[in-house]
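A.B. asks: Fit chain to chain and form the complex, with the hints in mind.
Chains as they are written, first to last, in the numbering used here: chain A, 1 to 260; chain E, 261 to 704.
What the hints contain is simulated information worked out from the structure, not anything from laboratory work.
Don't take every hint at face value.
Here are the simulated lysine-lysine pairs, DSSO-like style, with alpha carbons at most 30 Å apart [as the list claims (entries may be wrong)]:
# : chain 1 : residue 1 : chain 2 : residue 2
1 : E       : K346      : E       : K358
2 : E       : K680      : A       : K138
3 : E       : K346      : A       : K138
Have a look at the derived ranges for each label pair, beta carbon to beta carbon [said to hold, decoys possible]:
#  : chain 1 : residue 1 : chain 2 : residue 2 : range
4  : E       : D617      : A       : N209      : 55 to 61 Å
5  : E       : P438      : A       : P114      : 46 to 52 Å
6  : A       : Q52       : E       : I624      : 40 to 46 Å
7  : E       : D655      : A       : D116      : 48 to 54 Å
8  : E       : A635      : A       : Q52       : 25 to 31 Å
9  : A       : G64       : E       : D467      : 40 to 46 Å
10 : E       : D641      : A       : D116      : 26 to 32 Å
11 : E       : G638      : A       : K65       : 34 to 40 Å
12 : A       : H8        : E       : G638      : 30 to 36 Å
13 : A       : Q52       : E       : Q689      : 29 to 35 Å
14 : A       : Y204      : E       : I624      : 49 to 55 Å
15 : E       : S615      : A       : K18       : 55 to 61 Å
Glycine included, every Cβ here is placed at the ideal spot set by N, Cα and C.
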Amino acid sequence: MLDIRDLHVRVGGAEILKGIDLKIGAGEVHAIMGPNGSGKSTLTQVLAGNPQYEVTRGEVLYEGKELLKMEPENRAREGVFLAFQYPVEIPGVNNAYFLKAALNEIRAHRGKPPLDAMEFLELLREKLKLVGMDEGFKNRPVNQGFSGGEKKRNEMLQLAVLEPKLAILDETDSGLDIDALKAVAQGVNAMRSPQRAMLIVTHYQRLLNYITPDRVHVLAEGRIALTGGPKLAHELEAKGYDWVRKQALAGRALAGKEKT
Amino acid sequence: MTPESCVALFERFAGARKEPEGLMTLRREAIARFSELGFPTQKLEDWKYTGLKPVVEHAFELAPESQALPAVRQLAERVIFKEALKSHVVFIDGVYSKELSTLPRVGPGAGVGSLWNALRIEPERVLKHLGRYGLCGADAFTALNTAFYRDGAFIYLPAGTSLEELVQIVYISLASSPGTMTQPRTLVVAEDESRARLVETYVTLGDGPSLTNAVTEIYLGPGAGVVHYRVQEESLTGYHIGSTHVWQGADSTFSSFSVATGALLAKTSTRVILGEEHSGARLMGLYLAHGGQHLDNQTFISHAKPHTTSRQLYKGILDGNSTAVFNGKIIVEREAQKTDALQKNKTLLLSDRASCDTRPQLEIFADDVKCAHGAAVGELDAQALFYLKSRGMGDDSARGLLTEGFAHEVIDDILIEGLKARVSSMLRQKFFNGGRARHGEVDG
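For reference, chain E alone in the conformation it holds in the complex (with noise of 0.2 Å):
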């Protein structure tokens, strides 16, 4: 794949499309502006400790449409958490699939559901939003986004309306020979003082080499309040890119929660704007990477105005030969006085052949700011397995316990309890149930 190619492909897309005239204007800049960009290099900051070439090498197709065939109907139905089964959107290939959703009861002015039918029925008001928020036009894998996605969720929540219930957008990829791109497109604009819990899912069925490339925009205007997870789970032969934008108005608060174990490289980052005064954002992370996977996690944390707060605690476990990046990133503005910002990351490695690149970055530009970051790697403490094992557990039990205990700090964090057990299985999946020696065999 070149960017030659994407144009081309551009080109066939798009002459296929029937769409508003000011959708198709923001796509023909969008394909022109990755065209001068390129796909990302390891001289960009941004990127390096990840190379594409892996990515780069496959001549990736766009997915044709797809049905909802009963193993994707299985599939949703497995991931689908029990707090979301009356209110879950999903797409299967990029594309919103009515059958597979329950859209739940909104108030009015409120809407959940597919961002295609959104654009179709009401253009402006989406249009408004759209590619408005973060770093949208310097970053390379949004804007190829940008130009090729089908659909999406699209949330809005007018002034001060709540969603009740916790809402599930879930991407499944099908990853079907010879290799297929999907990039799902989702923009949630919760209006002032309005309230919103969200989870996206990723997820894929087959393992043919496949890449996402997925968006998220998050509006959040004064007083809003957003929680938003977002779970990747692909399957270890696909390619993962996921940009979330937030931008965040007056006293708002944004918390998000970003797991990653699937694919065999992601790239997950989460860039926030603190554009409002008292507004204050809370990033969690998990990564748990085995065999040769390569999880990258970037945060970027822009503290534009005074009074903002920022949180931050990712946490990853790499067993294997795995590695893993954590790119954190605050920058605090000359305007941005009082501003408070933490930031940790803390990396467990579990075998002596996986690795970690940890990179917290501050930049302060205030005099009167508390700022602090902390970062660590390292192995099971030797003192605490000996203690376990001192009173009759098992070393892969001993071991399992303390990595769990590790994990713990974040996931006690998370308040679905669908998730939670969904993540704490994930871990032990991963890491103990024969998985160690399964992963072995692959590792050679």
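Here chain A stands alone, though its shape is the one from the complex (with noise of 0.2 Å):
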């Protein structure tokens, strides 16, 4: 479903991205894994499309498209959705309103027929429960003044209403406490199928020990510098990530192996 290749990204002139590749088939759920600052978020925002990171080389082809080609909008609309890592407060716009015409502006890129108010109303509660949201959210601004577990509550409710094929989840565990991550995990064990791939991006192990990912791989200095099964989550707990480090100097091998 997703294939990114020798992908190359600067941001204010400097390179953070150093030649990534990946692929993820449909079904399968991908943990990327790394310190601070390895370029984790950066590779999240660029599948997003975020303007602001600049693509110097390397392609990424999702379903045969190329991605990297795609307006932000076209390739939510083709079933790409990024939960961010800091979700944007939106002042003045109500959530479930926003969220009403996202879906229908999907509706309408899929040929099918928007929903109108009473059918979404239905739909959205339905979501709110799944993430186990309170019905007040739907009708109050997009992010403002929610905590933090608030607003990746709501990215989790986003990702459930347009059910995207490709969900990359940027450190959607970070800043929780332990019954949103539960919630968060149940949101995306939930959303688990063959037709829909995700890709996890997080900093602890501590998510993956309620999703189980079919891969875990490890980015550091702009590159994935190792790639395991799930064990491979544990395993980074235990001897932190100075050990990426040094297999990766040690060597690159290793990562390439393992990739194919």
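C.D. replies: Shown next as structure tokens:
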């Protein structure tokens, strides 16, 4: 579904990603871990189309199409979704109104009729329940005055309503207490399906106690330094990221072998 | 138009009028004052960012008295809110239209209707208040209006009365060739403990050049409460000068909401004197400009006595190569201890050719006060725009939603559903219904 090839990205003059190769198939859940500043968030923002990031080399194929040539809104309409690490507060814009407008633009792109107010409300209620959110959130301005946990849940709500094919979660677990973490994991697990791929970016292993990924990649210094199965996350927790850096320096060949 | 031509015009106007003696004296004083002051130039603080050259270049004539043509009736029907269906006063080119007006039923001693009628029937009651408030004498356009007004709305609320219904005052300018000027005058007298909600709507029917020079005076006695909305949506070929002068007694509350979206060049000023203790004013504003429009918004609040409160929030949205001004002055007099004043102004620029001059001014002569102001001019937040797009919203709809969101802080303050809906639709129409493409052409 997603095929990232030799991706290089600059932000404000500095090269952050220095050649990322990554393949994710439909139905798979991949986790990307790595120390702060390794380029995890940059990768997610580039995939979603943030214009502040400059791709200097490489390409990304999404369902065979060149993702990097698509406008952000078209990526979303084609089924790409990014749960932001820092969801943006939008004063004056009603949460439900925004979500309905977004959903109906996506539906229009797919040749489906728009949902009317009643149909949407029904859908929204169901999804609010799924992510464990109070109904009151639907009429509040998007993310404004939300706690950290509420913002992350709101991202999960959007994910649940928009039903993307490729869901990218950027540190959705950071700043969450254990209940919120469980709720997020529950939402993610409920969304797992053979048609949907997920890319979960996280700094800590704890989210992966609740979501078992098919593959775990470790990002360091703008490259994927190590790839392994679900156990790799536990190994990292025990040994720390310095261990990966040393591994990466010792032999890039290891990562190369595991990737294929 | 020069001060001299205005004086000549006045002589012809005055010669044809039969008026109570007191009124004509007021008019003569006013034209003399105007002739002394002349049209304001940009050397004056209040007019620093607004040049009147395009206005002064026109030789405006006084509008002839007009009939309520079907098109006028349709326009009136379109702009009257459902909340005011049984309580509206309509003026055509500054002259009362009995045909188009529906006056509300009011309690004994109260009055809602034509100022000119009131002047003929009971000149003393009107002249006791007319031209007495605010800084009428120092303002050239207010003097010009005093010299020339034919009519306008007069609302009189005796002590303890409450107007149940919203009263809408509609000033229709016909803007017929070769270019006419109208000078409507509104007087609101709210005696002790009285209550009223009012809307002034300014619209134009035609597309010729026109000048509206409107003056509103509002007196609030002790404990009175007045909510005043002002909607200026005249045609984009006209000029609009609007001055509201408010004087507040003890414990009175005045709430104003000014929407400016019409006219090629407009200046709307609201001047409030918190004249007695524990009086409070709340001034909200929204200005929407595109193409080559220039919208100037001025507020002036004088905290004259202790324990007075003022709150101001003005927001603007500018597109095309439009320009806007926010000029807000707060004066806290020496005597006015425990004053609490807050002023905010935010302008959103949708185009890199639009610009806004914002000029908050605080002059504080008392030492125990709480005063704050803030001003910001900026573009749509790039991060927010990306966030909305990442959810599938197209560029236009994402910008539209953010722009509406920006305006909501003030729109949500409108308590009249009909007006709220009208402002929301004006906003969408102006910036997002093919409007951008349309004035893109105008801009060349």
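A.B. asks: Hint by hint, say whether it matches the structure.
C.D. replies: Hint-by-hint comparison with the structure:
A C-alpha spacing of about 14 Å is found between K346 of chain E and K358 of chain E, which places the hinted pair at or below 30 Å, so the restraint holds. Restraint check: the Cα-Cα separation between K680 of chain E and K138 of chain A comes to about 21 Å, which is no more than 30 Å; the hinted pair holds. About 37 Å separates the Cα atoms of K346 of chain E and K138 of chain A, which puts this hinted pair outside 30 Å; it is violated. Checked against the hint of 55 to 61 Å, the C-beta distance between D617 of chain E and N209 of chain A comes to roughly 57 Å, which is consistent with it.
The hinted range of 46 to 52 Å is satisfied by P438 of chain E and P114 of chain A, whose Cβ atoms lie roughly 50 Å apart. The given range of 40 to 46 Å is respected by Q52 of chain A and I624 of chain E, whose C-beta atoms sit roughly 43 Å from each other. Evaluation of the 48 to 54 Å hint for D655 of chain E and D116 of chain A yields a failure: the beta carbon distance comes to about 25 Å. A hinted range of 25 to 31 Å for the beta carbons of A635 of chain E and Q52 of chain A is consistent with their spacing of about 27 Å.
A beta carbon spacing of about 55 Å between G64 of chain A and D467 of chain E contradicts the range 40 to 46 Å that was offered as a hint. Separation of D641 of chain E from D116 of chain A is about 30 Å and conforms to the stated range, judged on CB atoms against 26 to 32 Å. Evaluation of the 34 to 40 Å hint for G638 of chain E and K65 of chain A yields a pass: the beta carbon distance comes to about 36 Å. Between H8 of chain A and G638 of chain E the C-beta distance comes to about 33 Å, which sits within the given range of 30 to 36 Å.
Hint check: Q52 of chain A to Q689 of chain E, Cβ distance near 32 Å, so the stated range 29 to 35 Å holds. Restraint check, Y204 of chain A to I624 of chain E: a C-beta distance of roughly 53 Å satisfies the suggested window 49 to 55 Å. The hinted range of 55 to 61 Å is not satisfied by S615 of chain E and K18 of chain A, whose Cβ atoms lie roughly 42 Å apart.
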